[in-house]
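Trainee: For the record, the sequence lines run as chains A and B. Its first residue numbered 1, the first sequence is counted upward by one per residue in the working numbering. Its first residue numbered 1001, the second sequence is counted upward by one per residue in the working numbering.
Careful, some of the hints might be misleading.
Claimed, not checked - Derived coverage of chain A by chain B (criterion: at least 3 residues anywhere in the stretch with Cβ under 8 Å from a Cβ of chain B; other residues may be distant): (1) 43-52; (2) 71-83; (3) 118-125.
Everything labelled a hint here was simulated from the structure, so no lab data went into it. Glycine residues also receive a C-beta, built at the ideal position from the N, C-alpha and C atoms.
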Amino acid sequence: MPVVSFELSVAFALSITLAGCGSGRAQSPGAAIGNAKNGQRLLYAYGCGNCHVIPNIAEARGTLGPPLAGFASRYYMAGSLANTPDNLVNWIVDPQKIEPGNAMPSLGVTRRQAADMAAYLYSLR
Amino acid sequence: MAARVSNVLKGIALAGMVSYAVVREMVLPQRGADALPAAPHAAMPGRLRLIVKTAALTALAGIVLAIGGGLLFIFSGVYELAAAKPHSAPVEWVLQALKTRSVRLHSAPIQVPKLGDGAQLKGGFMLYRKNCQPCHGAPGVPAEQMGLGINPKPPELVTASTKWSEAEMYWIISEGLKMSGMPAFSPRFSDGDRWALVAFVRRLNRLSPAGYQSVAAEVDRGLEPASWGSDDEEGFARLKSANPDAGRRLVGQYGCTACHAIAGADSGRAGPPLMDFAARPYIAGSFVNTPTNAVKWVMDPQKYKPGTMMPSIGVTASDAFDMIAFLYRSGDQRRLNLFRERR
């Protein structure tokens, strides 16, 4: 386990460095936000797939909410927010606070977990 | 560990003994019979007999290996039952297929009574909120912790009526579903209560998140809910005379495709994709997706959600109906059919 987390932190540091250098290579913007692999697990665990179609998430075939394929290339989210990491994390944590009465429930996701989920969603181009 | 291994070995030994006995019954008497010219199968040529014998022995060896391997698989404990991890794709496919077919077959004889009067819906709502919402949630309402942790995930039920008929829902509620966490309510809930639940779940696709909350508030105050959501008969009637082909052109002319991915058109990436708009129960996350609501939204989104990114660009009602007719044409029609084919 420690080996894995070491590798992850190296990858994390590397992705930040690369992003910081502004190198021409397209880096997933998610890499700097959180752990996409863990985000993938969390998106399953919170049942996000019940309402959303999400690529490579088990059972994620829901039609109640918008499909999330290609989420990284979406300009806006939730109808009125710019699709930025901050907005996305705030939205996942408490959508009912941002837009009371919308269909997405606030599930008690922590900020840290939401950041990992966001990292995964930003890997979907 | 030692006990486990010895159990596995015992299982394999048992399988071995059974197959030995079978082989002896099948093969040995034949050998004896070879000597007797009167035996009917003595006429079988030697070569054919060899082939049959080889095939039989091969099949037996396969069975022995399968039983032994199966027992080894079970008793070794390697299969992980953790609900935290999703089923593998093949297992999920098997369970899904089994569920769909089994429910369809077993619910076939059920006679559906007339459903959906106000008193029944109110009863159904109260039963739903207490017994179903903890695992399935409700529009805008999360499931509770135990519901979130179940595998497979208890489905949201707003779209349930597009997947299951009334008889099928009644059967699932009554009998429950093995290997899914869905309990059987059968002997403890009366027949009437179970049908009330079916009636209410059928109604969920007419309720917006706000509609669900107002029903809850009115029931809590001891009132009869003023609305169980609109069937929008007027909107669907008007939709019949709308022109989806004109709508297809208009979607391009009004520039909708600049922001939305729409079937057969360029894929805009500012707004949500609208390819399966017919199946989507809500518009803008908040309004029930009926023709009238969709038209109102297209004509003046800023009125219904000030600050939304979608601009109000002066679409006429007639154009809006044509565009909605076009958008409704692509994607799964089952949700719309629930409105169109009212009993």
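Trainee: Enumerate the violated hints, using their earlier numbering and listing them in ascending order.
Mentor: 3
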